[in-house]
Amino acid sequence: MNQTLVSYLSQYEFYDVLIGIFGKNEGLLAFVIYLLFAAAIVGLCATIGGLGTYAERKISADIQQRIGPNRVGPYGILQFLADGVKMITKEDVMPNTADKFLFYLAPMLALIGVFATLAVLPWSSGFMMADLNVGIFYLIAISSLVGVSVFLGGYASNSKWSMLGGLRGASQIISYEIPVTISVLSITLLAGGMGFGTILSQQQGTPIHWFIFHNPFAFIAFFVYFIGALAETNRAPFDLPEAESELVSGYHTEYTGMRFGFFALAEYIEVFVVCGVGAALFLGGGNLPFNVQFDIIPLQLFQVVIFMTKALILYYVVIWIRWTFPRLRVDQLMSICWKYLTPIAIFNLVGNAVWIVVFNGKSIADLVFGGH
Amino acid sequence: MFAQLLFLLSAVLTVGCAIAVAVTKNIMHSCIFLLGSLIGIAGLYATLGADFVAVTQIMVYVGGIVILMLFAVMLTGGKDFVSRAQNLLGLAPSMGNKWTYGIGLFVGLVFLLTNIKLLSNIMKSYPAKTFGNEFPSTVSQIGHLLVKEHVLAFELSSVLLLGALVGAAIIARPRKQ
Numbered sequence: 003m004n005q006t007l008v009s010y011l012s013q014y015e016f017y018d019v020l021i022g023i024f025g026k027n028e029g030l031l032a033f034v035i036y037l038l039f040a041a042a043i044v045g046l047c048a049t050i051g052g053l054g055t056y057a058e059r060k061i062s063a064d065i066q067q068r069i070g071p072n073r074v075g076p077y078g079i080l081q082f083l084a085d086g087v088k089m090i091t092k093e094d095v096m097p098n099t100a101d102k103f104l105f106y107l108a109p110m111l112a113l114i115g116v117f118a119t120l121a122v123l124p125w126s127s128g129f130m131m132a133d134l135n136v137g138i139f140y141l142i143a144i145s146s147l148v149g150v151s152v153f154l155g156g157y158a159s160n161s162k163w164s165m166l167g168g169l170r171g172a173s174q175i176i177s178y179e180i181p182v183t184i185s186v187l188s189i190t191l192l193a194g195g196m197g198f199g200t201i202l203s204q205q206q207g208t209p210i211h212w213f214i215f216h217n218p219f220a221f222i223a224f225f226v227y228f229i230g231a232l233a234e235t236n237r238a239p240f241d242l243p244e245a246e247s248e249l250v251s252g253y254h255t256e257y258t259g260m261r262f263g264f265f266a267l268a269e270y271i272e273v274f275v276v277c278g279v280g281a282a283l284f285l286g287g288g289n290l291p292f293n294v295q296f297d298i299i300p301l302q303l304f305q306v307v308i309f310m311t312k313a314l315i316l317y318y319v320v321i322w323i324r325w326t327f328p329r330l331r332v333d334q335l336m337s338i339c340w341k342y343l344t345p346i347a348i349f350n351l352v353g354n355a356v357w358i359v360v361f362n363g364k365s366i367a368d369l370v371f372g373g374h
Numbered sequence: 002m003f004a005q006l007l008f009l010l011s012a013v014l015t016v017g018c019a020i021a022v023a024v025t026k027n028i029m030h031s032c033i034f035l036l037g038s039l040i041g042i043a044g045l046y047a048t049l050g051a052d053f054v055a056v057t058q059i060m061v062y063v064g065g066i067v068i069l070m071l072f073a074v075m076l077t078g079g080k081d082f083v084s085r086a087q088n089l090l091g092l093a094p095s096m097g098n099k100w101t102y103g104i105g106l107f108v109g110l111v112f113l114l115t116n117i118k119l120l121s122n123i124m125k126s127y128p129a130k131t132f133g134n135e136f137p138s139t140v141s142q143i144g145h146l147l148v149k150e151h152v153l154a155f156e157l158s159s160v161l162l163l164g165a166l167v168g169a170a171i172i173a174r175p176r177k178q
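Read top to bottom, the protein sequences are chains A and B. If you read the first sequence in our numbering, its first letter stands for residue 3, the second for the next number, and so on. If you read the second sequence in our numbering, its first letter stands for residue 2, the second for the next number, and so on.
Check each hint, because a few of them may be wrong.
[Stated by the list, open to error] Derived lysine-lysine pairs resembling DSBU-like cross-links, with alpha carbons at most 35 Å apart:
1) Lys99(B) to Lys118(B)
2) Lys341(A) to Lys162(A)
3) Lys177(B) to Lys341(A)
4) Lys102(A) to Lys118(B)
5) Lys162(A) to Lys92(A)
6) Lys102(A) to Lys26(A)
7) Lys88(A) to Lys162(A)
8) Lys341(A) to Lys364(A)
9) Lys162(A) to Lys26(B)
10) Lys92(A) to Lys26(B)
11) Lys118(B) to Lys149(B)
12) Lys341(A) to Lys149(B)
13) Lys88(A) to Lys102(A)
14) Lys177(B) to Lys118(B)
15) Lys102(A) to Lys92(A)
16) Lys99(B) to Lys162(A)
17) Lys149(B) to Lys364(A)
[Unchecked claim] If you want the ones that stay clear, here's a sample from chain A, every Cβ over 10 Å from chain B, calculated:
18) Ala41
19) Asp101
20) Leu134
21) Ser146
22) Leu187
23) Glu246
24) Asp297
25) Pro300
26) Met310
27) Ile348
It should be emphasised that the hints constitute simulated quantities derived from the structure, not laboratory data. Just so we're clear, the structure is a prediction, and the values are computed from it rather than from any experiment. Even glycine gets a Cβ: it sits at the ideal position worked out from N, Cα and C.
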C-alpha cells in the first residue's frame with residue numbers, strides 16, 4: 003500500500019537521483035514534493051472551479067435555448083479568466099456596520115475547508131497526497147469548516163438577507179451531513195476501511211465490481227449520498243441559502259470583488275470534491291477496467307483521467323439538475339432530510355450489514371459469476 | 002523535526018486561542034477563537050499519532066458543537082450582552098472580589114502543581130510508546146476495543162444519546178392546543 007505520495011514515488015529510480023540532488027535530506031525532499039504537488043492540485047482545482055462557472059453558464063444556456071457566453075476566446079471559454087480579472091480589480095466594499103474580523107475570516111474559512119479536503123482526494127492509486135486510514139472521515143470532518151464559514155459570512159455582513167441565508171445554509175449543511183455520513187458509513191462497512199486506498203482496492207475490475215452494484219442497499223446509498231451532497235454544497239434544488247428571488251444572493255450578498263470570488267470558487271471546487279468522492283466511493287474511482295501487473299507513471303496519469311471523467315460526469319449531472327428542478331421550500335427541505343433521507347440511509351446501513359453477514363461480504367457479481 | 006513543529010504550532014494555536022476566548026468581549030469572536038483552540042487540540046492528538054481521535058475532535062467540535070454554539074448565541078443574544086461584559090479589573094460584584102480572586106488563584110496554582118507532579122512521569126516517556134503491531138491502524142484498534150472490552154459502555158452511551166435525541170424531539174415539538 004502507498005501510504006503517501008512520497009512513499010509511492012520512492013519506488014522509482016529517479017527518486018534516488020533527487021535524493022542525491024538534495025544532499026540526502028529526505029525530509030526536505032518530501033517537503034518539496036508535497037509543496038509542488040499541493041500547488042499543482044490547487045491550481046488544477048482552481049481551474050476546474052473556474053471552468054465550472056463557464057460550464058454552468060454554457061449548459062444552462064443550452065437547456066434554456068440561449069447561446070451563453072461566446073465573446074471571450076473560442077466559444078467563450080476564457081470567460082472565467084475575464085471574470086476572475088474583473089473580480090480582482092473590483093473595489094473591495096465592506097458594509098459600515100459589518101463585523102470586520104469575521105467578515106474577512108469567512109471566505110478564508112470556506113477556501114481552507116475546501117482545499118484541505120483535496121489532501122485525501124484519490125486522483126489515482128499512486129497520486130494521493132496522503133492515504134490516511136481515516137481518509138473519508140477526515141474529508142467529512144474538515145469540510146464542515148465550510149458550514150461555519152457560510153454561517154459567519156451571513157452573520158458578519160450585518161444584513162438581513164445575509165443573516166437569513168447564513169442561518170439557512172448552516173442548518174441545511176449540518177442536517178444533510180447526517181444522511182451523507184451514514185451512506186458513506188455503509189460503504190466503509192463494505193470496504194472494511196475508511197482510507198481511500200482500501201476503498202478503491204476493493205473495487206478493481208469491471209463496472210460490476212463497483213460498490214454501487216455491490217448490493218441493492220449500496221445502490222440506494224449512492225442516490226442518498228448524491229442528494230445529500232447536492233444539499234451540502236448548496237446546489238439547486240437545495241440552493242435556499244442563496245435563493246436569489248427571496249434573499250438577493252444569500253450569505254454572500256454583501257461581499258464584493260475577490261472575497262465574493264472566494265465563496266464562489268469554494269462552492270464550485272466543493273461540488274467537484276463531492277463528485278470526486280462519489281466517484282471514488284461508489285463508481286470505482288480511477289481503477290482501470292483490466293488488471294495490470296506493472297506500475298508506471300503514464301498508467302497513473304491514465305487513472306487520473308478516468309477519475310476525472312467520472313467526477314466530471316457527476317459534475318455535469320449536478321449542473322443539469324440545477325437547471326431542471328425548481329427550488330424547494332424550507333419546510334420541504336427539512337422534511338426530505340429528516341423524514342426520508344435519514345431513515346433510508348439508516349435502513350441502508352442495516353441492510354448492508356445484514357448483507358455482509360448473510361452473503362459473507364460477497365457482491366452480486368461474485369454470487370452470479372463466482373470469484374473472489 | 003516535523004512532529005515538533007506540528008506540536009509547537011498546535012500548542013500555540015490551542016493556548017493562544019484559549020486566551021483569546023477569555024479576553025475577547027464579543028461572544029461571536031469568542032466562539033471563533035474556541036474553534037481555533039479546538040482545532041489546535043486536534044493537532045495535538047495528531048502529534049501523538051491518534052489520527053482517529055484527532056479527526057473525531059474536528060468532526061464533533063467544529064462540525065457540531067461550535068455551530069450549535071453559534072446558533073444558540075444568535076437565537077438568544079443581542080447587543081446588550083456585549084455592553085454588559087465584565088472584565089477582570091473592574092471586579093464586577095457578580096464576579097467576586099479581591100479575596101475570591103486570590104483564593105481562586107491559589108487553588109488553581111496548587112491544582113496545577115499537583116497535576117504537573119502526577120503527569121511528569123507520562124511526560125518523560127514522550128514520544129508515546131508505539132503499541133504492538135497486531136493492528137494495521139489505530140482505527141481498527143479502536144474498533145476492536147469498542148466492541149470487545151468496552152462494549153457495555155459503548156452500548157450504554159448509545160442508549161443515552163438516543164434518549165437525549167428523543168427528549169429533544171419531545172421538548173421541541175409544538176404542543177397541541
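Hint-by-hint comparison with the structure:
no.: 1; hint: Lys99(B) to Lys118(B); verdict: 29 Å, holds
no.: 2; hint: Lys341(A) to Lys162(A); verdict: 29 Å, holds
no.: 3; hint: Lys177(B) to Lys341(A); verdict: 21 Å, holds
no.: 4; hint: Lys102(A) to Lys118(B); verdict: 44 Å, violated
no.: 5; hint: Lys162(A) to Lys92(A); verdict: 24 Å, holds
no.: 6; hint: Lys102(A) to Lys26(A); verdict: 47 Å, violated
no.: 7; hint: Lys88(A) to Lys162(A); verdict: 27 Å, holds
no.: 8; hint: Lys341(A) to Lys364(A); verdict: 31 Å, holds
no.: 9; hint: Lys162(A) to Lys26(B); verdict: 23 Å, holds
no.: 10; hint: Lys92(A) to Lys26(B); verdict: 33 Å, holds
no.: 11; hint: Lys118(B) to Lys149(B); verdict: 34 Å, holds
no.: 12; hint: Lys341(A) to Lys149(B); verdict: 34 Å, holds
no.: 13; hint: Lys88(A) to Lys102(A); verdict: 24 Å, holds
no.: 14; hint: Lys177(B) to Lys118(B); verdict: 58 Å, violated
no.: 15; hint: Lys102(A) to Lys92(A); verdict: 19 Å, holds
no.: 16; hint: Lys99(B) to Lys162(A); verdict: 44 Å, violated
no.: 17; hint: Lys149(B) to Lys364(A); verdict: 25 Å, holds
no.: 18; hint: Ala41; verdict: 19 Å, holds
no.: 19; hint: Asp101; verdict: 7 Å, violated
no.: 20; hint: Leu134; verdict: 6 Å, violated
no.: 21; hint: Ser146; verdict: 3 Å, violated
no.: 22; hint: Leu187; verdict: 12 Å, holds
no.: 23; hint: Glu246; verdict: 23 Å, holds
no.: 24; hint: Asp297; verdict: 22 Å, holds
no.: 25; hint: Pro300; verdict: 31 Å, holds
no.: 26; hint: Met310; verdict: 26 Å, holds
no.: 27; hint: Ile348; verdict: 12 Å, holds
Going through the hint list in order, the structure does not satisfy hints 4, 6, 14, 16, 19, 20, 21.
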